[in-house]
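Number of protein chains: 2
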Amino acid sequence: MSETREQILEEIKNQGDLVRKLKAAKESKEKIDEELARLLALKARLGDESAPPQKFTLKTPKGTRDYAPQQMTLRQGVLDKIIGVFKKHGGEAIDTPVFELKEVLTGKYGEDSKLIYDLKDQGGEILSLRYDLTVPLARYLAMSKIASIKRYHIAKVYRRDNPSITRGRYREFYQCDFDIAGTYDLMLPDAECVKIVAEVLDTLEIGDYVIKLNHRQLLDGMFEACGVPADKFRAICSSVDKLDKSPWAEVRAEMIDEKGLDAAAADEIGKYVQLSGGIGLVDQLLVDEKLKKVQAAVKGLEGMQLLLKYCKAMGLEKSISFDLSLARGLDYYTGVIYECVLKAEPKLLQNGEAEEQGTVGSIAGGGRYDNLVGMFDPKGKQVPCVGVSIGVERIFSVLEAKYAAAGVKVRTNDVEVYVASAHKGLHEKRLSILNSLWDNGIKAEHSYKLNPKLLAQLQHCEENQIPLAVVFGDSELEKGIVKLREVTTRKEVDVPLADLANEITKRLNN
Amino acid sequence: MSETREQILEEIKNQGDLVRKLKAAKESKEKIDEELARLLALKARLGDESAPPQKFTLKTPKGTRDYAPQQMTLRQGVLDKIIGVFKKHGGEAIDTPVFELKEVLTGKYGEDSKLIYDLKDQGGEILSLRYDLTVPLARYLAMSKIASIKRYHIAKVYRRDNPSITRGRYREFYQCDFDIAGTYDLMLPDAECVKIVAEVLDTLEIGDYVIKLNHRQLLDGMFEACGVPADKFRAICSSVDKLDKSPWAEVRAEMIDEKGLDAAAADEIGKYVQLSGGIGLVDQLLVDEKLKKVQAAVKGLEGMQLLLKYCKAMGLEKSISFDLSLARGLDYYTGVIYECVLKAEPKLLQNGEAEEQGTVGSIAGGGRYDNLVGMFDPKGKQVPCVGVSIGVERIFSVLEAKYAAAGVKVRTNDVEVYVASAHKGLHEKRLSILNSLWDNGIKAEHSYKLNPKLLAQLQHCEENQIPLAVVFGDSELEKGIVKLREVTTRKEVDVPLADLANEITKRLNN
Chain C
480 MSETREQILE EIKNQGDLVR KLKAAKESKE KIDEELARLL ALKARLGDES APPQKFTLKT
540 PKGTRDYAPQ QMTLRQGVLD KIIGVFKKHG GEAIDTPVFE LKEVLTGKYG EDSKLIYDLK
600 DQGGEILSLR YDLTVPLARY LAMSKIASIK RYHIAKVYRR DNPSITRGRY REFYQCDFDI
660 AGTYDLMLPD AECVKIVAEV LDTLEIGDYV IKLNHRQLLD GMFEACGVPA DKFRAICSSV
720 DKLDKSPWAE VRAEMIDEKG LDAAAADEIG KYVQLSGGIG LVDQLLVDEK LKKVQAAVKG
780 LEGMQLLLKY CKAMGLEKSI SFDLSLARGL DYYTGVIYEC VLKAEPKLLQ NGEAEEQGTV
840 GSIAGGGRYD NLVGMFDPKG KQVPCVGVSI GVERIFSVLE AKYAAAGVKV RTNDVEVYVA
900 SAHKGLHEKR LSILNSLWDN GIKAEHSYKL NPKLLAQLQH CEENQIPLAV VFGDSELEKG
960 IVKLREVTTR KEVDVPLADL ANEITKRLNN
Chain D
480 MSETREQILE EIKNQGDLVR KLKAAKESKE KIDEELARLL ALKARLGDES APPQKFTLKT
540 PKGTRDYAPQ QMTLRQGVLD KIIGVFKKHG GEAIDTPVFE LKEVLTGKYG EDSKLIYDLK
600 DQGGEILSLR YDLTVPLARY LAMSKIASIK RYHIAKVYRR DNPSITRGRY REFYQCDFDI
660 AGTYDLMLPD AECVKIVAEV LDTLEIGDYV IKLNHRQLLD GMFEACGVPA DKFRAICSSV
720 DKLDKSPWAE VRAEMIDEKG LDAAAADEIG KYVQLSGGIG LVDQLLVDEK LKKVQAAVKG
780 LEGMQLLLKY CKAMGLEKSI SFDLSLARGL DYYTGVIYEC VLKAEPKLLQ NGEAEEQGTV
840 GSIAGGGRYD NLVGMFDPKG KQVPCVGVSI GVERIFSVLE AKYAAAGVKV RTNDVEVYVA
900 SAHKGLHEKR LSILNSLWDN GIKAEHSYKL NPKLLAQLQH CEENQIPLAV VFGDSELEKG
960 IVKLREVTTR KEVDVPLADL ANEITKRLNN
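Protein chains in written order, with our numbering: chain C, 480 to 989; chain D, 480 to 989.
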């Protein structure tokens, strides 16, 4: 339904008033720019004559960013390491479209569904951008009738959040998922996912971490034991999920005031969610008077027992913590849930003592979701799944800050040889020399000027850390040679033009 | 503006009528499914109670597809080769967000602008999915004040086209772009882009190709010489662009009937656009009575002369063709334009003679666009650019068909060792053996069953082309050894458990 010109004019008027109001109220530049962009967009819809040409804020959309070559180099290095770990565990890659039919996403994300980006209805199907890679995986498995796979998927996902960009959170961000689908024995794939998270973080060397573990069945059992009505389980669960950011008092208030829970039930929950530990805590809870009467709690605890045993067999004992406050926001989890947090560097306090280690937020998470594929299968056929998602954006941010602090400067291209001419009129000869190098697989470049200064060409090599330069003029060409120069030492040797590619290849392989 | 429940109910009624009408008319399943999906989406908007649970067609959005591991392996192989070529020419990677402010894309794509995907206005900025990688590059250069770069960018772009999926065209598809930005001497970067296209296609070995070259200034000059009014240049240019798919008679009719061109002018154009050739054709046109009087035409021809000379210096003479029918649809080109087409395999006719070679469509294209960055710079500062885009989706399709015909089966994972247990009760021991392999960088997996049959485990290795298997039972463990089995030959040797990782690494490196 397209609006009439009058409707648009009305909207322009209202939007103009809003912008003026924000300016008068001295609102933040970001907020004003955003509303201004809306105003200009509205004007643009009236057609070219009335819209000022290209007078919009030059920016990427809110919550997104460009990656410059420096960042891409860092990012590709991180992703290569992560892919290396995924492949070590037999992972296969898949990819799915960036958008899905809207209904595919409906009812999968609980309270977070409001963060889904919808596409405009331009006729045809109603589409939304993917919110994660898990629901598309489930849709893919059901649609392709795949009963088992170990797949990894690295791709961007979209959330209309109000992101804290300083903490490495964006509206467009990469996810990096490994999932194991198939009907298997209890906790064997689940434990391998924990191992994968630990391997990824060890490989990346970004600092100390802890992988928190919990179990949705245990949470549900605990809610039941504390007197939460069954229809409030998911809502209370998403309150518990806020414990990593908010103190218990706030979460308790939300449970009571917003979710309508009895204060007594909330207080019971409060006792449990303080608990964390290892296999000893499982044993303790298995004899807990309240929990041992609730089947779901016992099942969850038995699962945790097995998981912790398998983690121990894989040398993970010191990296994990069974933590009853871990809840995870998404609706679809049915079993074990994971969350990995980086420990903050201990800060020295003014009195010289080290402050207690805090955490800088989640950098990986996941869990088991046994019912999601069945939601897509026409006959409801289930494919049990468990998986983890590596928060690579957070990892990029941490590493970028680290490199910046250490003054590390990464090369952003791989050029091995620069072809430089000593005087003018040699550009075609440069092309034919370059051509012979390229045809021999050598990474090479030259100036795109007809007659560049020799000094400028050599400076380019030094500034860009290019190891070798070919330098020639007419006097060399007459002898059928060129000079091959080592850029750092500035040593030059004569090389017959016919041997050039071979000689360079030999040097690069040393 | 959200609709009222009554409006939605009204839409549901209308949509329901449409679906019934289509069914009655026995329309294609695809069309009916699409409208049915719309109907179900509308119903979903009424809230859960009235929408049937998950009763929608299980599909990816129109014009999109999933990539299975087999396809991903092929794709990654292709992309790695292309990236190799880009890096050989000093390319650096960048990435930009999948969506841009709508105004960034406005006015850049001429007639094709209608194919842009818009996001729904959910409050905040008005966004569109990127249509190509060129406009985002220009926005990035202007925003980051970058005056020169050789960048490559491999990412998905979005066009609401009616794609012919059998020919490898989609609504979501990868583009693979290399662009050179900066103020340089005429045709030096432009010629290198042609070289890059040739290297990519040579490396991929997908068959014979020809790179067509033309020049926008020559086209404009030719239009002027033929009597086309200046305000019709772009419209007539996009008619010429259709010559690769439609015969001249149709294009001529479009020029006259739809674009309002004089028949005489169209006929003049018709004479030129039949021409193609090499440096000789340039020389011939430079003395053409009509063209030599038009400055733009002469400039374009002089550019072509230089380009063809440089191409020759890089050994490209046989791969290129100066083709006056080449126009390219996009508005932003200002200089040289390229298009690379694959030649079809010659078919044997019934009389035993080979049919003349046709082409199977464009697999790369690009050109020079000197004014695009200036459209984004607040002061209109220009950064001249030239670039090429490799049509990787088409290349994937061609290669997939080739591999399928040849019966090639690609391994989709890299597992080197399978850890198998000979009897039950050994799963924790499997985990600790796996752990030692993983910690030594060995790609290894096992069954996620507690007690898998030995035969099933060994079959898994053979089916998945895993080269080595570790096999053990209690009798081996008592001796501190395991059996290391070569899967293809089925030869087994005893290896002390302590030496296992070393022994495997040694074998894999041989």
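Be aware that a few hints might be false.
Same chains, same label: a pair holds when it works inside one copy or across any pair of copies.
[What the hints assert, rightly or not] With a straight-line cut-off of 27 Å between C-alpha atoms, the simulated DSSO-like cross-links for lysine-lysine are: (1) Lys922 <-> Lys560; (2) Lys772 <-> Lys624; (3) Lys599 <-> Lys492; (4) Lys985 <-> Lys797; (5) Lys500 <-> Lys541; (6) Lys922 <-> Lys822; (7) Lys888 <-> Lys750; (8) Lys599 <-> Lys510; (9) Lys635 <-> Lys593; (10) Lys860 <-> Lys541; (11) Lys797 <-> Lys492; (12) Lys724 <-> Lys797; (13) Lys635 <-> Lys541; (14) Lys538 <-> Lys593; (15) Lys538 <-> Lys635.
Honestly, the hints are just simulated from the structure, not real lab data. Here the structure is a predicted model, which is why all the values come from computation and not from measurement.
Notebook entry, point to check: Is the C-alpha distance from Lys724 to Lys797 at most 27 Å within one copy, between copies, in both cases, or in neither?
Noted result: The answer is within: 24 Å in one copy meets 27 Å, while 65 Å across copies does not.
Check: Should Lys599 paired with Lys510 be assigned to within, between, both, or neither, using CA atoms and 27 Å as the limit?
Finding: both (23 Å within a copy, 20 Å between copies)
Next item on the list: Tell me, please, which holds for Lys922 and Lys560 at an alpha-carbon limit of 27 Å: within, between, both or neither?
Entry: Both, since 24 Å and 14 Å are each at most 27 Å.
Margin query: For Lys985 and Lys797, with the copy left unspecified, which applies at a CA distance of at most 27 Å: within, between, both, or neither?
Written below: neither (48 Å within a copy, 31 Å between copies)
Item checked: Lys635 and Lys541: within-copy, between-copy, both or neither at 27 Å Cα -> Intra 16 Å, inter 20 Å, cutoff 27 Å: intra and inter.
Margin query: If the cut is 27 Å between Cα atoms, do Lys538 and Lys635 qualify within a copy, between copies, both or neither?
Written below: both (19 Å within a copy, 20 Å between copies)
Notebook entry, point to check: Which holds for Lys635 with Lys593 at a C-alpha limit of 27 Å: within a copy, between copies, both or neither?
Noted result: both (18 Å within a copy, 25 Å between copies)
Notebook entry, point to check: When no copy is named, should Lys500 and Lys541 be tagged within, between, both, or neither for a Cα gap of at most 27 Å?
Noted result: within (21 Å within a copy, 43 Å between copies)
Next item on the list: With 27 Å as the alpha-carbon cut-off, assign the pair Lys599 and Lys492 to within, between, both or neither.
Entry: both (23 Å within a copy, 21 Å between copies)
Check: 27 Å Cα cut-off: does Lys860 pair with Lys541 within a copy, between copies, both or neither?
Finding: between (40 Å within a copy, 25 Å between copies)
Item checked: Copy assignment of Lys797 with Lys492, given that the CA separation must stay at most 27 Å -> neither (62 Å within a copy, 61 Å between copies)
Check: When no copy is specified for Lys772 and Lys624, does a C-alpha distance of 27 Å or less occur within a copy, between copies, both, or neither?
Finding: Classified as neither: same-chain Cα gap 39 Å, cross-chain 67 Å, threshold 27 Å.
The structure shown violates the earlier hints numbered 2, 4, 6, 7 and 11.
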